[in-house]
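**Q** As you go down the protein sequences, you meet chains A and B in turn.
Once you know that position 23 of the first sequence is 23 in UniProt numbering, the rest is easy, because the numbers rise by one and skip nothing.
Once you know that position 101 of the second sequence is 101 in UniProt numbering, the rest is easy, because the numbers rise by one and skip nothing.
Some hints here could point you the wrong way.
[Stated by the list, open to error] In silico contact screen, one side only, chain A against chain B (beta carbon under 10 Å); selected entries:
1) A102
2) D106
3) A114
4) T115
5) L192
6) A216
7) Y224
8) P226
9) S234
10) P346
These aren't lab readings, by the way, just hints derived from the structure by calculation.
Since the structure is predicted, the reported quantities are computational estimates derived from the model, not experimental observations.
Even for Gly, the Cβ is constructed at its ideal location relative to N, Cα and C.
Number of protein chains: 2
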Amino acid sequence: MTTLDIPDDSLFGIDNLPYGVFSTADSAPRVGVRVGDSVVDLAATLGDDVFAQPTLNAFMAQGRDRWVEVRRQITELVQGDVDAAAVFAVDEVTMHLPVDVADYVDFYASENHATNLGRLFRPDSEPLMPNWKHLPVGYHGRSSTVVVSGTDVIRPCGQRKAPAQDAPDFGPSLRLDIEAEMGFLVGVPTKLGETITPDQFADHVFGAVVVNDWSARDIQAWEYVPLGPFLGKSFATSISPWVVPLLALEAARIDTPTQDPEPLPYLRGEEKWGLDIDLTVEWNGHVVSRPPYAQMYWSPAQMLAHTTVNGATASTGDLFASGTISGPEKNQRGAFIELTWGGKEPVQVGDETRTFLEDGDDIVISATAPGPNGSRIGFGDVRGRILPATPPVSTC
Amino acid sequence: MTTLDIPDDSLFGIDNLPYGVFSTADSAPRVGVRVGDSVVDLAATLGDDVFAQPTLNAFMAQGRDRWVEVRRQITELVQGDVDAAAVFAVDEVTMHLPVDVADYVDFYASENHATNLGRLFRPDSEPLMPNWKHLPVGYHGRSSTVVVSGTDVIRPCGQRKAPAQDAPDFGPSLRLDIEAEMGFLVGVPTKLGETITPDQFADHVFGAVVVNDWSARDIQAWEYVPLGPFLGKSFATSISPWVVPLLALEAARIDTPTQDPEPLPYLRGEEKWGLDIDLTVEWNGHVVSRPPYAQMYWSPAQMLAHTTVNGATASTGDLFASGTISGPEKNQRGAFIELTWGGKEPVQVGDETRTFLEDGDDIVISATAPGPNGSRIGFGDVRGRILPATPPVSTC
Chain A
1 MTTLDIPDDS
11 LFGIDNLPYG
21 VFSTADSAPR
31 VGVRVGDSVV
41 DLAATLGDDV
51 FAQPTLNAFM
61 AQGRDRWVEV
71 RRQITELVQG
81 DVDAAAVFAV
91 DEVTMHLPVD
101 VADYVDFYAS
111 ENHATNLGRL
121 FRPDSEPLMP
131 NWKHLPVGYH
141 GRSSTVVVSG
151 TDVIRPCGQR
161 KAPAQDAPDF
171 GPSLRLDIEA
181 EMGFLVGVPT
191 KLGETITPDQ
201 FADHVFGAVV
211 VNDWSARDIQ
221 AWEYVPLGPF
231 LGKSFATSIS
241 PWVVPLLALE
251 AARIDTPTQD
261 PEPLPYLRGE
271 EKWGLDIDLT
281 VEWNGHVVSR
291 PPYAQMYWSP
301 AQMLAHTTVN
311 GATASTGDLF
321 ASGTISGPEK
331 NQRGAFIELT
341 WGGKEPVQVG
351 DETRTFLEDG
361 DDIVISATAP
371 GPNGSRIGFG
381 DVRGRILPAT
391 PPVSTC
Chain B
1 MTTLDIPDDS
11 LFGIDNLPYG
21 VFSTADSAPR
31 VGVRVGDSVV
41 DLAATLGDDV
51 FAQPTLNAFM
61 AQGRDRWVEV
71 RRQITELVQG
81 DVDAAAVFAV
91 DEVTMHLPVD
101 VADYVDFYAS
111 ENHATNLGRL
121 FRPDSEPLMP
131 NWKHLPVGYH
141 GRSSTVVVSG
151 TDVIRPCGQR
161 KAPAQDAPDF
171 GPSLRLDIEA
181 EMGFLVGVPT
191 KLGETITPDQ
201 FADHVFGAVV
211 VNDWSARDIQ
221 AWEYVPLGPF
231 LGKSFATSIS
241 PWVVPLLALE
251 AARIDTPTQD
261 PEPLPYLRGE
271 EKWGLDIDLT
281 VEWNGHVVSR
291 PPYAQMYWSP
301 AQMLAHTTVN
311 GATASTGDLF
321 ASGTISGPEK
331 NQRGAFIELT
341 WGGKEPVQVG
351 DETRTFLEDG
361 DDIVISATAP
371 GPNGSRIGFG
381 DVRGRILPAT
391 PPVSTC
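With the rest of the complex left out, here is chain A (with noise of 0.2 Å):
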């Protein structure tokens, strides 16, 4: 038997004990909790099949009873003696995408995000559209091609056409960007024709993951007219590897911001989900902007209650994300787009400048949030790092 090193700054304290689903060398993947800098086993530690499969969805789908009686288990068990061959380093195994993704929506509920990608997709046009504040837009992605932190980027090729070209061409994006997103992961599904209100919100949604939705913006630009983005992001959106479960986002539960106007009744709710988690962006190793998810016009049970009004399903591993966070300074910005307004503004990353990604970067974002009685939980990292478009060019 051991005993757990929880550090008394550690972003994965007793108060956070996010999920994940991990393996080692000798073992296939299977669900484990983060505590400290260590992974505990818990079909080993807790003896229940439904952590023995490599991914949460089976867990996620038990709902919100069994959801506290779980974190309730692990609060003991951490707290006591744990078998020590159920305890791994964090750095000695290998992350898993932690669901089976169902589907995947991705929403645009930053008032910044959303202003400044209208004035530089839509220089001669009101920014923000006259719906942008009566619901949450949002549109689908392509769930196959979420992929868990740390998985490397492939530059995606496609159709470019810069304003001064008659006619598009082919070839490796050059304008390759991220968003920096939260994601939420629903646990309890919906049967067609049901609908989710926002003060449901908690016995539907298990978790918080973040999220760098990648975009490549001129192939965006050039495609998403009249039916969206599709290419443009379809490559690849990376989550993080540990899902925080809401119950352990009590602390950071805040307002929106004043919607104004009011949003009509299905969007209302007694209930704050609003949150107070504060994103880092680095680049290369540099912070290069830290934006404030507690800024979003928009709740996540907004988005969900949104998602399910016309009676579409909710399923168990649904994923969507929060659209770019960006806040109101330059520093708080969550895309390259936005922080090097359309590439005109060089960013200075360490020695050098950059506008958009270049081959061999590496984007690192994490989030904290508060914990009750002062701590900090962390959500960890999701990295990616870009690959040259393969091979060859002259016929990607």
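Got chain A; can you put chain B on it based on the hints?
**A** Showing chain B alone in chain A's frame:
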């Protein structure tokens, strides 16, 4: 043993042999093939467990050589004596969703449809966007609400804003519509970073179905800028239960209409993948339109090449649909918004007139294609009936 009765004029003769998933009162869903008005249980007759599963996914993943071999076996089987216990009348079985849908993408490949919708949604602009003739425009839809023919469609609620209104209101869609489409199912997957050329289409795509992409035009018109359709489409997408293998469509293969400008090289191929498929739309039993797939500008091979050109994964069970099929004539339009020109020109439906769908309305879309030696093959029907918005409208 029994022999199968296959009338000479059957749309389900031995040149067709579509696959589906069926069950009987006392047996679980499993794979069958349709022959005339019979369903033959493939798990029982071919003795392969891949057909004992509740979806076609495992079989679709086995690849083209295997698809050819199984088709040969079935052709031989159904022309000889068949175990009577493995044969069921088609109207005595329950048909199920034939695949576990991975990602769902909907295209916009009919020039007539895109032009008509452009005129209706954006009357002050060029109807066709500048990108339309350079790439098959498409977007991701909601996989979890793809349902099998016969599933009732509950009228969705959502935000609607007529031009004369200052702000949106909320309620049941008043402009509920159909889109008559063909859909294609991916069998053989790719890895992240791989691409599929147009000439590799038949190595990856298993077969085709008829699709009804139900659309709430009032919800769609208000929500769709700038990220595309979301709740206006995500409440239901119906597909026909019988998957016609590509191998049955050899005689239907034709050139697409002339593509001018010539597409970029990644969208070119030697193989013809235009398809001479005729659709019929029946509204409460009355034929109101006959959309011609032959006139679709982009081929399904081009759609798949485009989807994967950025390295996005193709998965077993991916469904991609053509978008509404509309010919140049009014009675060839595959959506009611076009057929009634935005509701301004009601159509005669038996003794009544209609603009958009009313509660209780029943829609059947069917399709046929040429088979070898002058025969015709059928895709069967995709049917759906509209149920009223559910309880109560005041909260919906």
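**Q** It remains to establish, for every hint, whether it holds in the given structure.
**A** Going through the hints against the structure:
{"no.": "1", "hint": "A102", "verdict": "holds, 6 Å"}
{"no.": "2", "hint": "D106", "verdict": "holds, 8 Å"}
{"no.": "3", "hint": "A114", "verdict": "holds, 9 Å"}
{"no.": "4", "hint": "T115", "verdict": "violated, 12 Å"}
{"no.": "5", "hint": "L192", "verdict": "holds, 6 Å"}
{"no.": "6", "hint": "A216", "verdict": "holds, 7 Å"}
{"no.": "7", "hint": "Y224", "verdict": "holds, 7 Å"}
{"no.": "8", "hint": "P226", "verdict": "holds, 6 Å"}
{"no.": "9", "hint": "S234", "verdict": "holds, 4 Å"}
{"no.": "10", "hint": "P346", "verdict": "violated, 26 Å"}
Of the numbered hints listed earlier, those contradicted by the structure are 4, 10.
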